[in-house]
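There are 4 protein chains.
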Amino acid sequence: MNELTKRVVAFREARNWKQFHNPKDLAISLNLEASELLELFQWKSSEDAISDKYNDLSDELADVFYYTLLMAHDVGIDLEKALLDKLEKNEMNYPVQKAFGSNKKYTEL
Amino acid sequence: MNELTKRVVAFREARNWKQFHNPKDLAISLNLEASELLELFQWKSSEDAISDKYNDLSDELADVFYYTLLMAHDVGIDLEKALLDKLEKNEMNYPVQKAFGSNKKYTEL
Amino acid sequence: MNELTKRVVAFREARNWKQFHNPKDLAISLNLEASELLELFQWKSSEDAISDKYNDLSDELADVFYYTLLMAHDVGIDLEKALLDKLEKNEMNYPVQKAFGSNKKYTEL
Amino acid sequence: MNELTKRVVAFREARNWKQFHNPKDLAISLNLEASELLELFQWKSSEDAISDKYNDLSDELADVFYYTLLMAHDVGIDLEKALLDKLEKNEMNYPVQKAFGSNKKYTEL
Chain F
-15 MNELTKRVVA FREARNWKQF HNPKDLAISL NLEASELLEL FQWKSSEDAI SDKYNDLSDE
45 LADVFYYTLL MAHDVGIDLE KALLDKLEKN EMNYPVQKAF GSNKKYTEL
Chain X
-15 MNELTKRVVA FREARNWKQF HNPKDLAISL NLEASELLEL FQWKSSEDAI SDKYNDLSDE
45 LADVFYYTLL MAHDVGIDLE KALLDKLEKN EMNYPVQKAF GSNKKYTEL
Chain E
-15 MNELTKRVVA FREARNWKQF HNPKDLAISL NLEASELLEL FQWKSSEDAI SDKYNDLSDE
45 LADVFYYTLL MAHDVGIDLE KALLDKLEKN EMNYPVQKAF GSNKKYTEL
Chain D
-15 MNELTKRVVA FREARNWKQF HNPKDLAISL NLEASELLEL FQWKSSEDAI SDKYNDLSDE
45 LADVFYYTLL MAHDVGIDLE KALLDKLEKN EMNYPVQKAF GSNKKYTEL
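For the record, the sequence lines run as chains F, X, E and D. The opening residue of the first sequence carries number -15 in my numbering; numbering runs sequentially from there. The opening residue of the second sequence carries number -15 in my numbering; numbering runs sequentially from there. The opening residue of the third sequence carries number -15 in my numbering; numbering runs sequentially from there. The opening residue of the fourth sequence carries number -15 in my numbering; numbering runs sequentially from there.
Don't take each hint at face value.
No distinction is drawn between identical chains; accordingly, a pair holds when it is met within one copy or between any pair of copies.
Straight-line distance between alpha carbons at most 20 Å, and here's what the computed DMTMM-like set of lysine to aspartate or glutamate pairs gives [as the list claims (entries may be wrong)]: (1) Lys2 / Asp58; (2) Lys82 / Glu72; (3) Lys(-10) / Asp62; (4) Lys73 / Asp9; (5) Lys89 / Glu(-13); (6) Lys(-10) / Glu64; (7) Lys82 / Glu92; (8) Lys65 / Asp9; (9) Lys89 / Glu(-3); (10) Lys88 / Glu(-13); (11) Lys2 / Asp32; (12) Lys65 / Glu75; (13) Lys65 / Glu(-13); (14) Lys37 / Glu(-13); (15) Lys28 / Glu92; (16) Lys70 / Asp32.
For the record, the hints were derived by calculation from the structure and aren't laboratory data.
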């Protein structure tokens, strides 16, 4: 993942875009890309979206990942560690015994 | 990253949540987590958000990454390859000569 | 609708919140409220969401409307006229003959 | 507002789109339109967005309003009443004395 982060940072560096990329604007862009991903499913079932728009799906998910890596880099978050820490919290919030097969939030469990 | 994907899939497996996780609902959840990240910046500058809510920032970014990994896994996208492919497209859409220091979209360059 | 706009502006005025409400931040907040509305449907069918969370649905839709009215007010858009103008455009983009019963975007029709 | 609701419902009726418009998909579309509005502010100040994209702003806000009216209509919410009820709740959650000039959420006041 370090290698990927280097790639996206170098891409930005080459275009001198860091000036626009304050974390608040990165968070906005991450939302916009997540929406473009969701748009592929608009008025459709998962199956239809995947069969109609597979390449777009790959591109939009890549865009989400691109901004996730940039955000993590810029604010100094180790994304791998952040995920493992969050999983640990979720183990507490969603203990298997209570959460098994349930679609409830932990505050409702 | 394969290791991380295994971890998030195992977390889900243990809770029998796959039944809720059709790709359309994963795309919805990815959007909700991206919004929770953005909410940390609501009515604030980047600086204030980062100093007030650093741990939340890490958690929300982890949640975005969690659903990105699950989505990629479930629809059979190699996230690393997807990102590199997208960067290649972006090299074409945003050639350095035209895009340097510009905040325009490629359709406007 | 003018009366409603007056109410939301007066609510804000009384709290001296205009200082935070630049249009970009209003657009962010509108997105956050739209997400909270969507969250009521997370992992659920429409039917279950409506039966489980009807009051929340009303509140979240109200929040979306609240920011829509404020945004329109602050940037000087007549929301009623904007809607009628947009419907007219959509009449052109989605002519009944082509769009009838179709879930395609106008660029794909 | 009743008149506007009639107009958007008639627009949909003429195209036989009700079949796609379950409330969950309406909530998705409302989010997508809110994102398109936010996109006008991407990498920009409020001032630049408004001067560059005023007509788009009007169109996107109209789209948000369009789905807000449809959602309210379909699930049987009186939007005007919903807003007034929510303002009343917010009067309680954000009493002037505590909330004056503060950008904090009511849980933090």
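Right, here's what the structure says about each hint:
no. : hint             : result
1   : Lys2 / Asp58     : within (10 Å within a copy, 30 Å between copies)
2   : Lys82 / Glu72    : within (16 Å within a copy, 37 Å between copies)
3   : Lys(-10) / Asp62 : both (13 Å within a copy, 18 Å between copies)
4   : Lys73 / Asp9     : neither (28 Å within a copy, 22 Å between copies)
5   : Lys89 / Glu(-13) : neither (35 Å within a copy, 26 Å between copies)
6   : Lys(-10) / Glu64 : both (15 Å within a copy, 13 Å between copies)
7   : Lys82 / Glu92    : within (10 Å within a copy, 30 Å between copies)
8   : Lys65 / Asp9     : neither (24 Å within a copy, 26 Å between copies)
9   : Lys89 / Glu(-3)  : between (41 Å within a copy, 17 Å between copies)
10  : Lys88 / Glu(-13) : neither (37 Å within a copy, 27 Å between copies)
11  : Lys2 / Asp32     : between (38 Å within a copy, 19 Å between copies)
12  : Lys65 / Glu75    : within (15 Å within a copy, 30 Å between copies)
13  : Lys65 / Glu(-13) : both (16 Å within a copy, 12 Å between copies)
14  : Lys37 / Glu(-13) : neither (28 Å within a copy, 28 Å between copies)
15  : Lys28 / Glu92    : between (30 Å within a copy, 15 Å between copies)
16  : Lys70 / Asp32    : neither (32 Å within a copy, 23 Å between copies)
Hints 4, 5, 8, 10, 14 and 16 from the earlier list are contradicted by this structure; the remaining hints agree with it.
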